[in-house]
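Assemble chain H onto chain U, guided by the hints.
2 protein chains.
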Amino acid sequence: MRTVRVSLGDRSYPILVGPGLLARLGPECARLGLGRRCAVITDSQVGPRFAKAALESLGAAGFDAVVITVPAGETSKALPVVGRCYDQLAAHRLERKSFIVALGGGVVGDLAGFVAATYLRGIPFIQVPTTLLAQVDSSVGGKVGVNLKAGKNLVGAFHQPRLVLCDLAAFGSLPEREFRAGLAEVIKYGIIHDPALFRRLERDLDRILAREESVLGAVVARCCAIKADVVGQDETESGVRTTLNFGHTIGHGLEAISAYGRYLHGEAISIGQVAAAHLSLRTGFSASDVARVRELFVRAGLPVTVRLTASQRIKLFAAMRLDKKVSDGAVRFVLAQRIGGVVWGQQVPDADVQGALDKVAE
Amino acid sequence: MRTVRVSLGDRSYPILVGPGLLARLGPECARLGLGRRCAVITDSQVGPRFAKAALESLGAAGFDAVVITVPAGETSKALPVVGRCYDQLAAHRLERKSFIVALGGGVVGDLAGFVAATYLRGIPFIQVPTTLLAQVDSSVGGKVGVNLKAGKNLVGAFHQPRLVLCDLAAFGSLPEREFRAGLAEVIKYGIIHDPALFRRLERDLDRILAREESVLGAVVARCCAIKADVVGQDETESGVRTTLNFGHTIGHGLEAISAYGRYLHGEAISIGQVAAAHLSLRTGFSASDVARVRELFVRAGLPVTVRLTASQRIKLFAAMRLDKKVSDGAVRFVLAQRIGGVVWGQQVPDADVQGALDKVAE
Numbered sequence: 001m002r003t004v005r006v007s008l009g010d011r012s013y014p015i016l017v018g019p020g021l022l023a024r025l026g027p028e029c030a031r032l033g034l035g036r037r038c039a040v041i042t043d044s045q046v047g048p049r050f051a052k053a054a055l056e057s058l059g060a061a062g063f064d065a066v067v068i069t070v071p072a073g074e075t076s077k078a079l080p081v082v083g084r085c086y087d088q089l090a091a092h093r094l095e096r097k098s099f100i101v102a103l104g105g106g107v108v109g110d111l112a113g114f115v116a117a118t119y120l121r122g123i124p125f126i127q128v129p130t131t132l133l134a135q136v137d138s139s140v141g142g143k144v145g146v147n148l149k150a151g152k153n154l155v156g157a158f159h160q161p162r163l164v165l166c167d168l169a170a171f172g173s174l175p176e177r178e179f180r181a182g183l184a185e186v187i188k189y190g191i192i193h194d195p196a197l198f199r200r201l202e203r204d205l206d207r208i209l210a211r212e213e214s215v216l217g218a219v220v221a222r223c224c225a226i227k228a229d230v231v232g233q234d235e236t237e238s239g240v241r242t243t244l245n246f247g248h249t250i251g252h253g254l255e256a257i258s259a260y261g262r263y264l265h266g267e268a269i270s271i272g273q274v275a276a277a278h279l280s281l282r283t284g285f286s287a288s289d290v291a292r293v294r295e296l297f298v299r300a301g302l303p304v305t306v307r308l309t310a311s312q313r314i315k316l317f318a319a320m321r322l323d324k325k326v327s328d329g330a331v332r333f334v335l336a337q338r339i340g341g342v343v344w345g346q347q348v349p350d351a352d353v354q355g356a357l358d359k360v361a362e
Numbered sequence: 363m364r365t366v367r368v369s370l371g372d373r374s375y376p377i378l379v380g381p382g383l384l385a386r387l388g389p390e391c392a393r394l395g396l397g398r399r400c401a402v403i404t405d406s407q408v409g410p411r412f413a414k415a416a417l418e419s420l421g422a423a424g425f426d427a428v429v430i431t432v433p434a435g436e437t438s439k440a441l442p443v444v445g446r447c448y449d450q451l452a453a454h455r456l457e458r459k460s461f462i463v464a465l466g467g468g469v470v471g472d473l474a475g476f477v478a479a480t481y482l483r484g485i486p487f488i489q490v491p492t493t494l495l496a497q498v499d500s501s502v503g504g505k506v507g508v509n510l511k512a513g514k515n516l517v518g519a520f521h522q523p524r525l526v527l528c529d530l531a532a533f534g535s536l537p538e539r540e541f542r543a544g545l546a547e548v549i550k551y552g553i554i555h556d557p558a559l560f561r562r563l564e565r566d567l568d569r570i571l572a573r574e575e576s577v578l579g580a581v582v583a584r585c586c587a588i589k590a591d592v593v594g595q596d597e598t599e600s601g602v603r604t605t606l607n608f609g610h611t612i613g614h615g616l617e618a619i620s621a622y623g624r625y626l627h628g629e630a631i632s633i634g635q636v637a638a639a640h641l642s643l644r645t646g647f648s649a650s651d652v653a654r655v656r657e658l659f660v661r662a663g664l665p666v667t668v669r670l671t672a673s674q675r676i677k678l679f680a681a682m683r684l685d686k687k688v689s690d691g692a693v694r695f696v697l698a699q700r701i702g703g704v705v706w707g708q709q710v711p712d713a714d715v716q717g718a719l720d721k722v723a724e
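Quick mapping for you: the protein sequence lines, in order, are chains U and H.
The working numbering applies: residue 1 is where the first sequence begins, and numbers increase by one.
The working numbering applies: residue 363 is where the second sequence begins, and numbers increase by one.
Just chain U, with the same shape it has in the complex (with noise of 0.2 angstroms):
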């Protein structure tokens, strides 16, 4: 077991990572000193094949755990779900000192960790992520919240959990094209972060399709790693923080033109960040660059082009003016200089974008 720390004061927290950690929830929730009843909020296909589990690992530990099961997908990550899950955590009596688990992917950990955010003011919660997306992005960070009709994560709040567990053993019932979505955020890590991270997924690749436990675990703390530290760095967001959010502006603004249906979060954010490698030519990136990292998205199995309509253009750019990475009504863009070095907060000119965009056109 790798264990990665997040440092954020009297709010850092452990981020554990390894096989079979699904039967430890238990007792580990036990040392963290939390209240006697929890709610585990988890999905309709994540539910089946581990709720069982958890809640018999937070019984044995004397915890008294109720289980909230909202429809997979990312249409749950919306404001009439959080709603019923309120009125479920009030039905079971959560107090202030009693914790929420959440036990799925990404939009059960933004969800659930958003409801924990605001129940009673804010109460303890603790990250079970299920896919590899989850485990290397949405889980570790505190940022939490659900999605208006007008754009994604509009809403939302920082809210640090108490624990990550990252489960290993999860990704063997993940289906391929989430696992593959996943990939999407592992090879950010590499573009705006580490080269070496970067060579090794262009070379360990098929291990990785594969889901070798070894390279996995490795990789999964690294990426952990990289965000524990960007995060201690920048919390909410004002600097640093936002290197993460490469390829996700126009990857959001997909998300929101197809209404959070069509693409899941990793092949939105793939799409976006071949964007963005062809933007960030004016930032230093190479045509060779450019290649490299089209190419590891397409071996991963991710889409990079998309068929978009003059109409389907317009909404795009109205999109990404709703994110909200935008200041001063102007979109801010992060841009690579190089494989493992990247540069945030840049204006670029709509026509810029436009071309960009003509180059994932299909």
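Check before you lean on any hint, since a few could be wrong.
Unchecked claim - Ranges between beta-carbon positions, derived for each pair:
no., chain 1, residue 1, chain 2, residue 2, range
1, U, Pro48, H, Gly703, 54 to 60 angstroms
2, H, Gly424, U, Val343, 50 to 56 angstroms
3, H, Ser369, U, Gly33, 27 to 33 angstroms
4, H, Arg675, U, Gly59, 30 to 36 angstroms
5, H, Gln716, U, Ala30, 35 to 41 angstroms
6, H, Asp449, U, Ser311, 17 to 23 angstroms
7, U, Arg36, H, Lys721, 30 to 36 angstroms
8, H, Ser620, U, Gly172, 36 to 42 angstroms
9, U, Arg36, H, Asp449, 35 to 41 angstroms
10, U, Asp352, H, Arg455, 18 to 24 angstroms
11, H, Thr437, U, Ala23, 43 to 49 angstroms
The hints are simulated quantities; they were obtained by calculation from the structure and are not laboratory data.
Ideal Cβ placement from N, Cα and C applies to all residues, glycine included.
Coordinates of chain H only, in the frame set by chain U:
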């Protein structure tokens, strides 16, 4: 104009108290270095009276303000209304540096504050309380939130305003019932913290009910100073801040079982405080203290009795157990030792609570 400062490190802010302050809204916001866009959230009663003046002051100071109007009344403190506010903020393209002005009573302040706490993971907001209750209580201290069917304020956040503007001229148009309801919180400050304030209220109540600006200015500023002091010591209500809940456990319960429609908050906590005064006989309160407390609420025209059926009593106990102040399943009360001094975290046998309810039964 009086100024009271809330000291919370880099989240400190001033409370300004005086007549005609609404006209200073724009210039005061300009001093805070906020973004150009803002939304004034108000309700259907307050909006027609004050929104125009707020917009003019903001506009003259260079801000681009829009007005969002919600129905007047406690029923607007609900998730669907929060959702409609979010949608309007998105439609008006509010960004992270944009801000919200809460223009109205406690309902508007709590609702708008929660919207500000969670939109884009938190944007700045300004409190412009127009009722006595909001000026002396809910606008100060950063507790924001909405109700669930299961209980009052069960969803929320701690999100401090950047500024509180208490315009005493707003009382001119405040309905008599609402003004008197505000006195319930004013009297509370005397009971929990300040025997001199309590005596002043006994002496000057008629002048206060006549809304004499000189007396009111001093009383509002004194209440804000007490609240600022308590909040500065204990922002997140882990200790002394709970004393502000004197009378609120039973009061919130009464509001919950009447579906937040029958009583104004001040009316419910008037009954709650009289019941808490009876319970306080166990912590040192004398029968004459109880009589003084009851008498002052009666003179202020506030209800001190309630008619409850047996089944309503059962519901009231269930609602109290859902209160946020519950810990390890036990309801905790704030009880008075004398006028001007209280203790908190007091467990009280159900039979004694029933006894106190008998005392306030019609």
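Here is how each hint holds up against the structure:
1. U/Pro48 with H/Gly703: 54 to 60 angstroms: holds (56 angstroms)
2. H/Gly424 with U/Val343: 50 to 56 angstroms: violated (32 angstroms)
3. H/Ser369 with U/Gly33: 27 to 33 angstroms: Between H/Ser369 and U/Gly33, where Cβ atoms are some 30 angstroms apart, the hint holds.
4. H/Arg675 with U/Gly59: 30 to 36 angstroms: Since the Cβ atoms of H/Arg675 and U/Gly59 sit about 35 angstroms apart, the hinted range of 30 to 36 angstroms holds.
5. H/Gln716 with U/Ala30: 35 to 41 angstroms: About 37 angstroms separates the Cβ atoms of H/Gln716 and U/Ala30, which means 35 to 41 angstroms holds.
6. H/Asp449 with U/Ser311: 17 to 23 angstroms: holds (22 angstroms)
7. U/Arg36 with H/Lys721: 30 to 36 angstroms: Between U/Arg36 and H/Lys721, where Cβ atoms are some 35 angstroms apart, the hint holds.
8. H/Ser620 with U/Gly172: 36 to 42 angstroms: violated (53 angstroms)
9. U/Arg36 with H/Asp449: 35 to 41 angstroms: Between U/Arg36 and H/Asp449, where Cβ atoms are some 39 angstroms apart, the hint holds.
10. U/Asp352 with H/Arg455: 18 to 24 angstroms: Cβ of U/Asp352 to Cβ of H/Arg455: about 22 angstroms, so the range 18 to 24 angstroms holds.
11. H/Thr437 with U/Ala23: 43 to 49 angstroms: holds (46 angstroms)
The structure fails to meet hints 2 and 8 from the earlier list, while all remaining hints are met.
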